[in-house]
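Using the sequences and the hints given, assemble the complete structure.
So the protein lines, in turn, are chains A and B. Going by my numbering, the first sequence opens with residue 206, and the numbers climb by one from there. Going by my numbering, the second sequence opens with residue 243, and the numbers climb by one from there.
Honestly, the hints are just simulated from the structure, not real lab data. Predicted, not measured: the structure shown is a model, and the values here were computed from it. Using N, Cα and C, we set each Cβ at its ideal position, and we do this for glycine too. Hints are supplied without guarantee of correctness; some may be wrong.
From the structure, some residues in chain B lie toward chain A, with a derived Cβ separation under 7 Å [what the hints assert, rightly or not]:
#1 Leu274
#2 Arg292
#3 Thr521
Simulated restraints on C-beta separations [as the list claims (entries may be wrong)]:
#4 B:Gly406 - A:Arg376: 55 to 63 Å
#5 B:Gly400 - A:Arg442: 18 to 26 Å
#6 A:Val340 - B:Ser399: 48 to 56 Å
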Amino acid sequence: MSERSRRGQSVDVGLAAFYVVCIAVLAFILLPLLTILFHSVGGSLSGRSLGSLTLAHYAGALATNLDPLLLSLQVALLTTVVATLVGVPAGYTLVRYDFAFVDLLRELTVLPMAIPGIVVGIGIVRVWGVPRFGVDLAGSTALIACAHVLFTVPFIVQTTMSTLESIDYRRLEESARALGAGWVETFLYVVVPNIYRGVVAGAIMVFALSMGEFNITFFIYATGNATLPIALFGGFRTASVGQASALASLFVGIVVLSLVVFQMVSDQRIHETGGNA
Amino acid sequence: MSDHADDHPAFAWRRPDVSWRRRLDDLLPWLLSGPLVALYALFLGLPLLRLVRLSLDDEAWIGANYAAVFLDPTYRTALVTSLAIAALVTAVAVVLGLFMAYFIARRDLPGERVIVAVISFPISLPGILVAWAVIVLVGRTGVLTRAAAAVTGGDPSGYSVAFGLVGLLIGYVYFTLPRTTMSLVGAIEKVDPTVEEAARSLGASPRQTFRHVTLPAILPGIASAVVLAFSVSMAAFGTALLLASGTVDILPLKIYSVILGTYDYGAGSAMAIVLTAITVGVIYGYARLFGGAVYE
Chain A
206 MSERSRRGQS VDVGLAAFYV VCIAVLAFIL LPLLTILFHS VGGSLSGRSL
256 GSLTLAHYAG ALATNLDPLL LSLQVALLTT VVATLVGVPA GYTLVRYDFA
306 FVDLLRELTV LPMAIPGIVV GIGIVRVWGV PRFGVDLAGS TALIACAHVL
356 FTVPFIVQTT MSTLESIDYR RLEESARALG AGWVETFLYV VVPNIYRGVV
406 AGAIMVFALS MGEFNITFFI YATGNATLPI ALFGGFRTAS VGQASALASL
456 FVGIVVLSLV VFQMVSDQRI HETGGNA
Chain B
243 MSDHADDHPA FAWRRPDVSW RRRLDDLLPW LLSGPLVALY ALFLGLPLLR
293 LVRLSLDDEA WIGANYAAVF LDPTYRTALV TSLAIAALVT AVAVVLGLFM
343 AYFIARRDLP GERVIVAVIS FPISLPGILV AWAVIVLVGR TGVLTRAAAA
393 VTGGDPSGYS VAFGLVGLLI GYVYFTLPRT TMSLVGAIEK VDPTVEEAAR
443 SLGASPRQTF RHVTLPAILP GIASAVVLAF SVSMAAFGTA LLLASGTVDI
493 LPLKIYSVIL GTYDYGAGSA MAIVLTAITV GVIYGYARLF GGAVYE
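What follows is the structure, encoded as structure tokens:
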């Protein structure tokens, strides 16, 4: 009996320690975010300015960073559209067809996630920093968008592949084609509706990742087309704590919004993927 | 392509242009994946080739830049520091990630969705934002800095650790922990809880159950989390640029300072290729060993 109760006790201690670690981890994730939010509305830990909550930091941050914010939104939208148009057919091909090099291609698709952003950034600048093949992309927004598509397209390819594998697309396709539908009709009216939700979820991740991309963009942007993360980097070094925090909160807000939409269209979790830090 | 309904002889009458369609069907995979292949070739393949060529470009001999990466003390220090930091961060993030993943996968808690949302949130944050989070946490006027100073009555500046090794480690754990956690949640959820319950009802302690039942089953998941955390930590740049530029010599910062400071593309691109070989190597090494992808 005594042994039993002792075991019961040690279990409780272990469980308590377990909960303490978990709650500490959650606090570790949340505390800085809440602090940034607190600073952004004029809160200060010295307590003197606590009574004067203000949106002035947001106004200031927006006034000085409106262009980067708008540029980032444009680039992220463009990236999402292009990455989806490039990634869905490619993902479909990689699952659907058996052709030479298909296994190699499947393995190669994750490369933009596996290669450090700084390496891709420096490489792209060395190749596209001068006019090549008759196109001059140096420092252009188009080059930033191309780099973002490269960086995010693996997410679309992966989502498309795993969604296709989770439905019985072969039987659906065969039925459609046996009924006389050509491949275009089959693809548009049978495959696409079945993978639609998965692809939309992937596209939202792409949007959030493009908004936050820093490592590659840092090497290829020109002074006129700094994206929001580049502006954040400058802001953290030069702006006041309040303004930098307002800018950071704004960014956190965009990411939260993307993730809320993601949760609404998909019951998947944000998986272990995610961008370069 | 016998699984194509059109190709079946029974349907040949319906498809007078069958040879034309078959040719299109054969071309289709190339047409559909063409844009992706072009994108990779132009913006990944060419840049990497260019870096390889730059790294081999040396007056002395072809491998001189690579020899320098491993032998020259300044470059070697950066490589070793990077490996050590990545290993330490990986260990912390995987152990804490196991706690969190167990918490999410096995405890039926109210608000589990919220907890998952909170923990997976930093995955989508850019590295520089994580750096700012570290600064408001343990910077000169950070929350924890002030708290520590208030408790001990010391000078806050003594507890300001954001800029340097400690800040770097905190930031790296901040962005790797969500990744390891979410990777491990998937692995733990695949373990049948009734097997664990059976072990418990046979008298095994929670620790024994974990050690002998759960752990062997989730080992591939742990390996995947290790690979993910390690490669992300090795590759991280934005966080380090803000927190440790000039104080902690890690490989990405060294590449940056060598290339933009001294325009030494030979040494810089050799380091970049070594870094790429490490991050890509662990990911493909995992795929070879465990037969699955780290990124799912």
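Comparing the hints with the structure gives:
Because the smallest distance between the Cβ of B:Leu274 and any Cβ of chain A comes to about 4 Å, under 7 Å, the interface hint for this residue holds. Taken as an interface hint, B:Arg292 checks out: its beta carbon lies about 5 Å from the nearest beta carbon of chain A, inside 7 Å. A distance limit of 7 Å between C-beta atoms decides the matter here; for B:Thr521 the minimum to chain A is near 6 Å, and the interface restraint holds. Between B:Gly406 and A:Arg376 the C-beta distance comes to about 59 Å, which sits within the given range of 55 to 63 Å.
At about 23 Å, the CB distance of B:Gly400 to A:Arg442 agrees with the hint of 18 to 26 Å. At about 52 Å, the beta-carbon gap between A:Val340 and B:Ser399 stays in the expected band of 48 to 56 Å.
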